[in-house]
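Visitor: Order-wise, the sequence lines are chains G and E. If you count the first sequence from 1, position 94 lands on 94 in my numbering, and the numbers rise without skipping. If you count the second sequence from 1, position 141 lands on 141 in my numbering, and the numbers rise without skipping.
Accuracy of the hints is not assured; some may be wrong.
[Stated by the list, open to error] Label-pair distances were calculated between CB atoms; the ranges are:
1) Arg51/G to Asn294/E: 38 to 48 Å
2) Thr104/G to Ser41/E: 54 to 64 Å
3) Ala63/G to Leu174/E: 38 to 48 Å
4) Tyr217/E to Gly103/G: 39 to 49 Å
5) Val39/E to Arg51/G: 30 to 40 Å
6) Thr104/G to Ile142/E: 42 to 52 Å
7) Asp109/G to Ile34/E: 49 to 59 Å
8) Ala61/G to Pro17/E: 27 to 37 Å
9) Tyr217/E to Asp109/G: 43 to 53 Å
10) Pro284/E to Ala61/G: 22 to 32 Å
11) Gly175/E to Ala61/G: 40 to 50 Å
12) Ala61/G to Leu179/E: 46 to 56 Å
13) Ile142/E to Asp109/G: 51 to 61 Å
14) Gly282/E to Asp108/G: 56 to 66 Å
[As the list claims (entries may be wrong)] Partial list, computed: chain E residues near chain G (C-beta under 8 Å):
15) Ile29
16) Val51
17) Gly53
18) Phe93
19) Thr120
20) Val132
21) Thr167
22) Leu169
23) Leu180
Since the hints were made in silico from the structure, they are not lab data. All C-beta atoms, glycine included, are put in the ideal place defined by N, C-alpha and C.
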Amino acid sequence: MELIFAATVAVLYAGGLYMMLRRNIVKFLLGLAMLSHGANLLIFTAGGLTRGKAPLIEPGADAAAAGVADPLPQALILTAIVISFAVLAFALVLFLRAYRLTGTDDLDDLRSTES
Amino acid sequence: MMAAKLYSIDLSLSLQPLHSIDVLVAGLIIVAAIATTLVSSRFAAIASLGVVGYAMALLFILYGAPDLAITQLIIESLTVVLIALAFYHLPPFHHRSSRRSTIRDAIFAGAAGLMAGSLTLLANQQLFAEPVSQYFLDHSWIKAYGRNVVNVILVDFRALDTLGEITVLGITGLGALTLLTFHRSHRKSAAHLTRISLILRTAAGYLTPLMMLFSMYLLLRGHNAPGGGFVGGLTAAAGISLYALAFDTGKARRLLRIHSITFSGVGLLLAAASGLFGVMKGQPYLTGVWRTFNLPFFPSLKIGTPFLFDVGVYLLVIGVVVTILFSLAEEEDA
Chain G
1 MELIFAATVA
11 VLYAGGLYMM
21 LRRNIVKFLL
31 GLAMLSHGAN
41 LLIFTAGGLT
51 RGKAPLIEPG
61 ADAAAAGVAD
71 PLPQALILTA
81 IVISFAVLAF
91 ALVLFLRAYR
101 LTGTDDLDDL
111 RSTES
Chain E
1 MMAAKLYSID
11 LSLSLQPLHS
21 IDVLVAGLII
31 VAAIATTLVS
41 SRFAAIASLG
51 VVGYAMALLF
61 ILYGAPDLAI
71 TQLIIESLTV
81 VLIALAFYHL
91 PPFHHRSSRR
101 STIRDAIFAG
111 AAGLMAGSLT
121 LLANQQLFAE
131 PVSQYFLDHS
141 WIKAYGRNVV
151 NVILVDFRAL
161 DTLGEITVLG
171 ITGLGALTLL
181 TFHRSHRKSA
191 AHLTRISLIL
201 RTAAGYLTPL
211 MMLFSMYLLL
221 RGHNAPGGGF
231 VGGLTAAAGI
241 SLYALAFDTG
251 KARRLLRIHS
261 ITFSGVGLLL
271 AAASGLFGVM
281 KGQPYLTGVW
291 RTFNLPFFPS
301 LKIGTPFLFD
311 VGVYLLVIGV
321 VVTILFSLAE
331 EEDA
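Make a model of the complete structure from these sequences and hints.
Guide: Shown next, in the form of structure tokens:
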């Protein structure tokens, strides 16, 4: 199963980076969103896969049962999901502003600081 | 089983068995990711990116991460709204790159993807030290009175990290607010309403209060079951956004009564202040302090500062998401 997950991470990274190399702002943003999916899945897989057992402590028990999923990568990814949404939103707003000011959505035209 | 020796790293793989449903979901992600990369229509690209996100939520469910799954589901819906709102103002795709640069980029991206995939596999197979996670699993209930270990890590064990992260979130909201100039559109409302489906408007009237209620339920149960401040705040923000889409942002703003960015300020303050209770007891900042209250209907209700912290996260997430979505929705055509 790990091989499939690694292949999925590879496709998400390759697709995301390819889109971020396009000259179109919109493609760049979609690529950024896809890259963050890839990063989340990378952390999730790197932390070890446990199928079906959530890191919850049963009522009445003092500690989690043996063999539950690792909670630490999950805590990392939970904040990463929310932060990547905020980063995407901020990038969208920033590019929208840049597009309004410069009148171009071509990233190659935004190279110089003079316009 | 493969076995090889490379720079003294043992490359024999110990893999888990394949499950057909997991392979199907992973395959869906791969197909949707390739589709997003290659389609020439913007809306097809948004839709297939949505498929990637929802399929990720399915994987999280299958691999014992219900907290991640519900967060991913709501974030994905909000992302589609966000991107659709912004794309309304941006021009359509143009094919600009020459064939040569396309091939060069594809080779570069492919190589980077291959590296990320190998890194994933290597990291999955190596175990250099005993993970710290066992401590969290063993002490989450005894020391922090929480049964959902993921939430306890976020609001108690590693609360300082979370405080840093929500500060970043708050700054993003402020940045988006200042970047987009405000035009309170009054002329929009009347003409705007007729274009929106009656079904959506009627449904939003019932769904928004329900979603607000459900978000509070998620917040309250978060310490012991899947839920918590992050996903609760996102659900509430989704409810408010639904209302704003069905009617208009002016009406949604009046519903909130105070400016949406105020929520994030109050939330950040609450989260930061909740750490001071520990300091007053002579313990490190953000140490959880618990007290048992005997209230009518709730005998021996245990309330602690990590709960206050989670309420802060909840308010901040609502403030940031709603501020960004409202600013984009109110942006006028240039």
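Visitor: Which numbered hints does this structure break?
Guide: 2, 6, 7, 16, 21
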